[in-house]
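Colleague: The chain contents come next:
Number of protein chains: 2
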Amino acid sequence: MADGTRVGRLIALHASRRLREPTEQPSSSDGRLPGPRSILRKGIFMDTFEAINQRRSVKAYDPAHRLTSAEETKLLESAIQSPTSFNMQNWRFVIVRDPEQRKRIRAAAVDQVQATDASLLILLTADLKAWQKSPERYWRNASPEVQALVVGWMGPFYEGKEQLQRDEAMRSCGLAGQTIMLAAKAMGYDSCPMIGFDAVKVAEIINLPKNHVIGFMIAVGKAVKPAAPKGGQLALAEVLVENRFSDG
Amino acid sequence: MADGTRVGRLIALHASRRLREPTEQPSSSDGRLPGPRSILRKGIFMDTFEAINQRRSVKAYDPAHRLTSAEETKLLESAIQSPTSFNMQNWRFVIVRDPEQRKRIRAAAVDQVQATDASLLILLTADLKAWQKSPERYWRNASPEVQALVVGWMGPFYEGKEQLQRDEAMRSCGLAGQTIMLAAKAMGYDSCPMIGFDAVKVAEIINLPKNHVIGFMIAVGKAVKPAAPKGGQLALAEVLVENRFSDG
Numbered sequence: 316m317a318d319g320t321r322v323g324r325l326i327a328l329h330a331s332r333r334l335r336e337p338t339e340q341p342s343s344s345d346g347r348l349p350g351p352r353s354i355l356r357k358g359i360f361m362d363t364f365e366a367i368n369q370r371r372s373v374k375a376y377d378p379a380h381r382l383t384s385a386e387e388t389k390l391l392e393s394a395i396q397s398p399t400s401f402n403m404q405n406w407r408f409v410i411v412r413d414p415e416q417r418k419r420i421r422a423a424a425v426d427q428v429q430a431t432d433a434s435l436l437i438l439l440t441a442d443l444k445a446w447q448k449s450p451e452r453y454w455r456n457a458s459p460e461v462q463a464l465v466v467g468w469m470g471p472f473y474e475g476k477e478q479l480q481r482d483e484a485m486r487s488c489g490l491a492g493q494t495i496m497l498a499a500k501a502m503g504y505d506s507c508p509m510i511g512f513d514a515v516k517v518a519e520i521i522n523l524p525k526n527h528v529i530g531f532m533i534a535v536g537k538a539v540k541p542a543a544p545k546g547g548q549l550a551l552a553e554v555l556v557e558n559r560f561s562d563g
Numbered sequence: 316m317a318d319g320t321r322v323g324r325l326i327a328l329h330a331s332r333r334l335r336e337p338t339e340q341p342s343s344s345d346g347r348l349p350g351p352r353s354i355l356r357k358g359i360f361m362d363t364f365e366a367i368n369q370r371r372s373v374k375a376y377d378p379a380h381r382l383t384s385a386e387e388t389k390l391l392e393s394a395i396q397s398p399t400s401f402n403m404q405n406w407r408f409v410i411v412r413d414p415e416q417r418k419r420i421r422a423a424a425v426d427q428v429q430a431t432d433a434s435l436l437i438l439l440t441a442d443l444k445a446w447q448k449s450p451e452r453y454w455r456n457a458s459p460e461v462q463a464l465v466v467g468w469m470g471p472f473y474e475g476k477e478q479l480q481r482d483e484a485m486r487s488c489g490l491a492g493q494t495i496m497l498a499a500k501a502m503g504y505d506s507c508p509m510i511g512f513d514a515v516k517v518a519e520i521i522n523l524p525k526n527h528v529i530g531f532m533i534a535v536g537k538a539v540k541p542a543a544p545k546g547g548q549l550a551l552a553e554v555l556v557e558n559r560f561s562d563g
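Chains as they are written, first to last, in the working numbering: chain A, 316 to 563; chain B, 316 to 563.
Any given hint could turn out to be false.
Pairs count within a copy or across copies, as identical chains cannot be separated in the list.
To be verified - Result set (DSS-like, lysine-lysine): computed pairs, CA atoms no more than 27 Å apart in a straight line:
hint	residue 1	residue 2
1	476	540
2	540	418
3	525	448
4	448	545
5	444	545
6	418	444
Honestly, the hints are just simulated from the structure, not real lab data.
Please work from the sequences and hints to get the whole structure.
Modeller: Okay, structure coming up:
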């Protein structure tokens, strides 16, 4: 995900060499490529597996393009459908629109161009203490018995377990982040997850409250260059284990 | 995500009360509900937003049902399309098939029935040291310059940063986990992410190697009862921040 200026330039170069090769772009049933707007207007999106397979980390975006308010809402309403432990919805999504602030974040993110040029920059942060902030609201639609039981379980589960609280932040941001990237793809956009930034500086820029952490950031926009070819996909067998790891 | 026996029973009760209400199940264009197999055979899956909105944590599965080998491969091949930092593909997916082992995991997971009854139980684990294990293979398709640059950057990025290494594990498992759950939904299955288990015991059961951690587990299968209604969705505005957090 991380990408500095030199890396970005080299990868862009690498990608541009292949620009004339067939890309993996989706095509509508009549063979034309509908633009993002027309896809949204028609309510036609993309098969889930197409979105999964076509999602790639894109670095070069049209800086003049912005998502419509309806598109942005659709993207974020999708994000909050993602599951969280105990339904505690610990993510806090920071949408950075202010151009000056995006410049500052770019400077803190080894000058990655997508921080300023993408249509949208979303910082996925999480509240480490969401589990203790009126947790009954996460179960307000459940029966009183279920609500009491689940809420009563949350406190002892997290109390004093700082590492677990941080794990939940990263896990929730990961789950929601993939929803955002797949939703963006289905709307005809591209995305780039980013972890290559100075977390202390970025926390300062967004005025991150105490007990919150940044998971990662995602740039979303209209690609002007396709992603570089996949770096080196491992075979499924290399990352798959049957039942239990073997010894040694 | 976590759910003990009593909780599970209460939630199931809660859900069963609503069984006669209209569910959010997808319908094919002719109004019939195609089973998972027929969907896969036809190559017809599900719109990305439908999958995102219909994915729910389901606890009750048909214990006699198993995914076909082709379905399982499709699910896992989808998972490994998920992004990871520096493309290091740090996830290690443990597919638990052995019934005895699934019983032991269920016992370590507050007796949650889905651990034994779902068609598939996937433990999402990660190698904390993936960044130092022949990292050049993650970039073998890139130009030599890009490979050298990215690989040269990875070492100093992670070296000695134990918390960052663990964050990467949780982040990667979250990203891949959401892919698995959306892919399952698109194939006509349901899923349940689980964190309510004794991580030390489960690590022992799967013989988790040194420097590996468990992110969470996911049960995937054929639902026999719909999910409970959403516990209490927060409004988008409650988890959204514009530009920067306000003071205080």
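Colleague: Against each hint, give a clear statement of whether it holds in the structure.
Modeller: Structure-based check of each hint:
1. 476 with 540: neither (44 Å within a copy, 34 Å between copies)
2. 540 with 418: Answer is within; shortest intra-copy Cα gap is 21 Å, inter-copy 50 Å.
3. 525 with 448: within (14 Å within a copy, 36 Å between copies)
4. 448 with 545: between (42 Å within a copy, 19 Å between copies)
5. 444 with 545: between (38 Å within a copy, 21 Å between copies)
6. 418 with 444: neither (30 Å within a copy, 33 Å between copies)
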